[in-house]
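Colleague: So you can see what is in the structure, the chains are spelled out below.
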Amino acid sequence: MANKFQSKERRLFGVGIQGWIKGFFSGNAGVSMGVIFLIFLFLVFEAVRFFPDHHRELKLVRRTGQEYVDFLRREARGYQEISSYTNQAYFQELDARFGVQRGLVDGFEVLQGMIEDGAEPEIEALAEARDVSDPVALRAAEKRYWGRVGEIVDSAERSSVDSFGRLSTEESAWQSLLQAARRYDAVEEETPDLILAAEARTESGMAEFRKAKTMISSAGSDLKNLRDRLVRIASATRKDAETDYSLGMRKKALLEGSGKLDGKAREEQIAEAEALKVLDQFPFEVRVQPIIDSHDEHQKAVEHLKEQLKKGIAALPTEFSSEASKKLVMKIREAEPAYLEALDQSLEEASEWTWNEEVNWSSSVSRFFLGKEWKTASGGWRQLYGFLPLFTGSVTISMIALCFALPFSIGAAIYVNQLSSRWERSFMKPAIEMIQAIPSIVLGFFGIMVLGNMLVEYSDSPWVSWLPGFPITQRLNMLNAGMLLALMAIPTIFTLCEDALNNVPRSFSEASLALGASRFQTVQRVVVPAAISGILAAVLLGLGRIIGETMVVLLVAGNRIAMPDWGDGLGIITQPSHTMTGIIAQEMGEVSEGTLHYRALFLIGLVLFVVSLLINLSAQKLTKRLGAHV
Amino acid sequence: MTNSTSTGHNADDSIISIEDLSFSYDIGKTNTLRNISLKIPEGRVTSFIGPSGCGKSTLLRCLNRMNDLVETSRITGGRIEILGQDINAPDVDVIELRKHVGMLFQKYNPFPKSIYENVAYGLRVQGVRRMDILDQAVEESLRKAALWLEVKDRLDASALELSGGQQQRLCIARTIAVKPRIILMDEPCSALDPIATARIEELISELQDDFTIVIVTHNMQQAARVSDQTAFFYLGELVEYADTTTIFGNPKAKQTEDYISGRFG
Ligand SMILES: Nc1ncnc2c1ncn2[C@@H]1O[C@H](COP(=O)(O)OP(=O)(O)OP(=O)(O)O)[C@@H](O)[C@H]1O
Ligand SMILES: [Mg+2]
Numbered sequence: 001m002a003n004k005f006q007s008k009e010r011r012l013f014g015v016g017i018q019g020w021i022k023g024f025f026s027g028n029a030g031v032s033m034g035v036i037f038l039i040f041l042f043l044v045f046e047a048v049r050f051f052p053d054h055h056r057e058l059k060l061v062r063r064t065g066q067e068y069v070d071f072l073r074r075e076a077r078g079y080q081e082i083s084s085y086t087n088q089a090y091f092q093e094l095d096a097r098f099g100v101q102r103g104l105v106d107g108f109e110v111l112q113g114m115i116e117d118g119a120e121p122e123i124e125a126l127a128e129a130r131d132v133s134d135p136v137a138l139r140a141a142e143k144r145y146w147g148r149v150g151e152i153v154d155s156a157e158r159s160s161v162d163s164f165g166r167l168s169t170e171e172s173a174w175q176s177l178l179q180a181a182r183r184y185d186a187v188e189e190e191t192p193d194l195i196l197a198a199e200a201r202t203e204s205g206m207a208e209f210r211k212a213k214t215m216i217s218s219a220g221s222d223l224k225n226l227r228d229r230l231v232r233i234a235s236a237t238r239k240d241a242e243t244d245y246s247l248g249m250r251k252k253a254l255l256e257g258s259g260k261l262d263g264k265a266r267e268e269q270i271a272e273a274e275a276l277k278v279l280d281q282f283p284f285e286v287r288v289q290p291i292i293d294s295h296d297e298h299q300k301a302v303e304h305l306k307e308q309l310k311k312g313i314a315a316l317p318t319e320f321s322s323e324a325s326k327k328l329v330m331k332i333r334e335a336e337p338a339y340l341e342a343l344d345q346s347l348e349e350a351s352e353w354t355w356n357e358e359v360n361w362s363s364s365v366s367r368f369f370l371g372k373e374w375k376t377a378s379g380g381w382r383q384l385y386g387f388l389p390l391f392t393g394s395v396t397i398s399m400i401a402l403c404f405a406l407p408f409s410i411g412a413a414i415y416v417n418q419l420s421s422r423w424e425r426s427f428m429k430p431a432i433e434m435i436q437a438i439p440s441i442v443l444g445f446f447g448i449m450v451l452g453n454m455l456v457e458y459s460d461s462p463w464v465s466w467l468p469g470f471p472i473t474q475r476l477n478m479l480n481a482g483m484l485l486a487l488m489a490i491p492t493i494f495t496l497c498e499d500a501l502n503n504v505p506r507s508f509s510e511a512s513l514a515l516g517a518s519r520f521q522t523v524q525r526v527v528v529p530a531a532i533s534g535i536l537a538a539v540l541l542g543l544g545r546i547i548g549e550t551m552v553v554l555l556v557a558g559n560r561i562a563m564p565d566w567g568d569g570l571g572i573i574t575q576p577s578h579t580m581t582g583i584i585a586q587e588m589g590e591v592s593e594g595t596l597h598y599r600a601l602f603l604i605g606l607v608l609f610v611v612s613l614l615i616n617l618s619a620q621k622l623t624k625r626l627g628a629h630v
Numbered sequence: 001m002t003n004s005t006s007t008g009h010n011a012d013d014s015i016i017s018i019e020d021l022s023f024s025y026d027i028g029k030t031n032t033l034r035n036i037s038l039k040i041p042e043g044r045v046t047s048f049i050g051p052s053g054c055g056k057s058t059l060l061r062c063l064n065r066m067n068d069l070v071e072t073s074r075i076t077g078g079r080i081e082i083l084g085q086d087i088n089a090p091d092v093d094v095i096e097l098r099k100h101v102g103m104l105f106q107k108y109n110p111f112p113k114s115i116y117e118n119v120a121y122g123l124r125v126q127g128v129r130r131m132d133i134l135d136q137a138v139e140e141s142l143r144k145a146a147l148w149l150e151v152k153d154r155l156d157a158s159a160l161e162l163s164g165g166q167q168q169r170l171c172i173a174r175t176i177a178v179k180p181r182i183i184l185m186d187e188p189c190s191a192l193d194p195i196a197t198a199r200i201e202e203l204i205s206e207l208q209d210d211f212t213i214v215i216v217t218h219n220m221q222q223a224a225r226v227s228d229q230t231a232f233f234y235l236g237e238l239v240e241y242a243d244t245t246t247i248f249g250n251p252k253a254k255q256t257e258d259y260i261s262g263r264f265g
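Protein chains in written order, with my numbering: chain U, 1 to 630; chain A, 1 to 265.
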């Protein structure tokens with residue numbers, strides 16, 4: 001019996017038109033989901049292989065003794081910092097106390113140079129005339145020489161070159177310097193008494209400080225020498241080990257490949273493989289021995305360093321004419337105990353170090369996520385992939401951006417949605433949303449050329465210079481990047497926020513107004529609380545946009561890979577930094593596929609992906625909650 | 001067309017006095033309300049009836065100036081006096097006006113807050129902070145709204161957990177907590193079932209001792225049951241205004257008779 005309700009639809013390959021249409025749309029949805037999934041798989045696949053590679057690298061670093069040498073490098077680095085502070089303090093103090101004398105000495109040197117260059121023929125003539133001792137010629141030569149010297153000094157007086165800046169407020173010293181220069185006999189090259197006296201005064205006045213400075217700056221020479229020697233040894237070991245490893249890989253590949261060949265070609269390839277000299281086992285034990293043996297020397301160098309440093313720091317002056325110098329010395333004195341303790345600790349760790357101890361798998365993970373240094377292979381000594389500074393940079397910049405974006409975008413959304421007139425609304429909303437149309441490269445350019453310069457220029461005006469981190473010295477920094485990112489996040493947060501406010505039923509605000517609440521009270525007590533989950537979702541999506549943004553941070557954040565100097569407190573926001581997105585954009589182009597560096601970048605990409613995913617998921621959750629309650 | 005401006009009461013006991021009012025939602029276009037004159041006596045229930053779109057809600061919203069929310073709207077003629085004060089005068093603070101003229105909406109609309117906070121809202125925005133005053137006002141208002149016994153044990157529960165009828169009574173409590181002189185009700189029962197409706201009607205009768213009530217309704221029986229006066233509107237004009245018994249028993253205008261007998265509208 002025929003079916004009364006049989007479909008009259010035309011069919012293609014047994015599928016009705018409705019079926020085809022449905023297939024088309026579900027196919028599209030499926031493809032987009034599939035692409036996301038594939039990207040995720042690809043990321044994970046490339047990224048997780050970082051960990052075994054990293055483990056191998058850490059093992060190699062231990063076997064070659066590089067790890068040991070790093071103890072010395074770290075010890076020397078801390079010492080160099082103290083030493084450079086001492087130098088700065090010395091010169092600050094020198095300037096403050098003997099600025100005039102220094103000005104005289106330096107100024108005279110410059111004038112001397114000018115005379116020797118500018119009066120060269122006259123000097124030669126004078127020298128010759130003196131040699132032959134012909135009174136007439138001598139008088140003529142002298143007259144010409146002194147005339148020329150007078151001209152040169154006059155022109156120096158008029159132009160008052162930068163090099164004399166120190167004397168710009170010391171009129172009498174300046175005049176006596178010019179006087180001395182006018183009388184300077186470039187043939188005899190006799191330094192005038194004025195200058196000698198100035199030198200002597202400086203000498204005796206700064207003698208104590210200089211002694212301390214010399215003590216400090218020579219304290220670490222043994223350690224530095226030892227370090228340099230060990231660096232050479234470990235680097236050579238590492239290079240040989242790597243060569244051996246890659247030769248071994250090549251040999252293996254050749255031998256495996258030969259299986260597919262026949263006859264002569266096969267024999268040739270086997271012969272080629274055999275010709276490669278590969279060590280069965282790389283003799284790490286032998287190569288690392290000199291490093292192990294140096295431990296006593298290391299210990300002595302550190303002891304010496306500590307002793308000299310303590311003496312030197314104790315010998316630093318306690319009274320200063322220069323405020324800057326005083327601060328630097330205080331900083332040194334504060335840093336001293338921590339540094340000495342760090343030295344002891346480092347030495348102790350070094351004595352417990354063994355070259356053949358196994359490397360923990362967990363350290364392959366933790367040295368990435370908690371590592372504070374990022375040094376790629378092209379940097380020389382050793383590669384370090386520490387994710388923390390990049391993460392900190394990204395988070396700090398995002399927080400700065402949010403701090404700027406939140407008040408503006410939420411405030412604007414509330415104003416436009418609740419308080420503005422229809423006429424204001426008609427241009428404000430499009431105008432704010434228009435910000436989105438600015439290409440990020442243009443924003444970056446603006447950040448470098450305009451905002452950066454403005455920040456540096458105006459940050460030392462008395463209005464703002466009290467802010468943490470102000471005055472700003474570096475044009476490219478996190479604050480600059482954060483402000484631009486805020487600009488990019490404002491339209492996103494604004495639009496979504498405005499939607500959330502719009503979704504609050506009108507009846508809520510009508511009820512509130514009818515009860516005698518003001519417009520503002522209504523917004524604050526009814527509308528915003530009712531929209532709060534939507535607003536939070538908007539903020540989260542704005543954050544997602546900020547974290548993933550690349551171009552602006554790459555151009556503007558300053559790209560310094562280091563942990564922020566926490567000592568500045570909130571002032572860290574004016575420090576430069578690198579970011580997760582920036583580092584991928586910057587370095588992906590130059591890495592070769594499959595290297596540890598390449599995988600490290602992929603791993604960062606994976607972290608970014610996961611972070612964005614989490615942010616988006618929580619935003620979705622929040623939006624759902626809003627939907628449920630209205 | 002019979003435009004009555006009196007209901008038999010003295011002009012003295014009227015609390016709202018509308019004189020020759022015309023109103024437009026979009027100035028330059030047609031007037032939604034035209035030449036309406038009407039005096040509403042104090043302490044009574046007055047109902048507005050009329051076919052859909054005739055402007056009942058519009059007139060009601062003129063009384064507490066809710067129409068201010070519609071930017072393009074204007075009173076194009078006439079005036080409204082409440083308690084002897086022209087409410088559209090420039091020195092009138094609309095917030096003060098609304099404290100005296102409360103409003104109840106067609107669809108119950110408690111805030112997504114606790115029951116307690118809903119009732120306390122009007123006082124809180126006036127700056128009342130003392131808990132004892134708030135507690136007392138909340139209890140008193142809920143009692144007057146005949147809701148106290150049902151909710152006294154869960155004042156902190158969300159208002160949205162109540163039934164529709166309870167939510168509407170909560171809205172009444174919220175309105176009377178501010179102690180207005182007048183309560184405007186725009187079809188307060190249209191979203192409720194007959195039993196909940198009956199309870200609200202009962203409540204209205206009780207409340208008329210303390211408040212002047214103006215109610216818009218599509219339900220003829222309701223208007224007949226609860227109100228003392230009835231005004232019938234048609235196409236933005238007031239057709240007839242009289243004691244409820246007169247309107248329902250002996251209407252003067254043909255349109256009124258047709259409407260209440262269900263022949264159109
Ligand atoms: N906000 C507004 N803006 C413009 N026109 C409006 C607005 N509100 C109502 N109107 C118009 O004003 C006229 C009167 O509407 P109103 O809501 O006062 O009628 P109503 O008598 O309350 O009808 P109902 O019984 O259906 O509630 C209608 O034509 C309506 O389209
Ligand atoms: Mg209506």
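It is possible that part of the hints are untrue.
Ranges between beta-carbon positions, derived for each pair [what the hints assert, rightly or not]:
hint, chain 1, residue 1, chain 2, residue 2, range
1, A, 95, U, 33, 39 to 47 Å
2, U, 369, A, 106, 27 to 35 Å
3, A, 70, U, 468, 44 to 52 Å
4, U, 503, A, 26, 47 to 55 Å
5, U, 407, A, 70, 54 to 62 Å
6, A, 191, U, 23, 41 to 49 Å
7, A, 128, U, 44, 55 to 63 Å
8, U, 503, A, 128, 26 to 34 Å
9, A, 96, U, 464, 24 to 32 Å
10, U, 33, A, 191, 55 to 63 Å
11, A, 106, U, 407, 33 to 41 Å
12, U, 503, A, 106, 14 to 22 Å
I should point out that these hints are in silico values taken from the structure, not numbers from a laboratory.
Backbone N, C-alpha and C define an ideal beta-carbon position, used for all residues, glycine too.
Colleague: Please name the hints from earlier in the document that this structure breaks, with their numbers sorted from lowest to highest.
Modeller: 1, 2, 4, 5, 9 and 10
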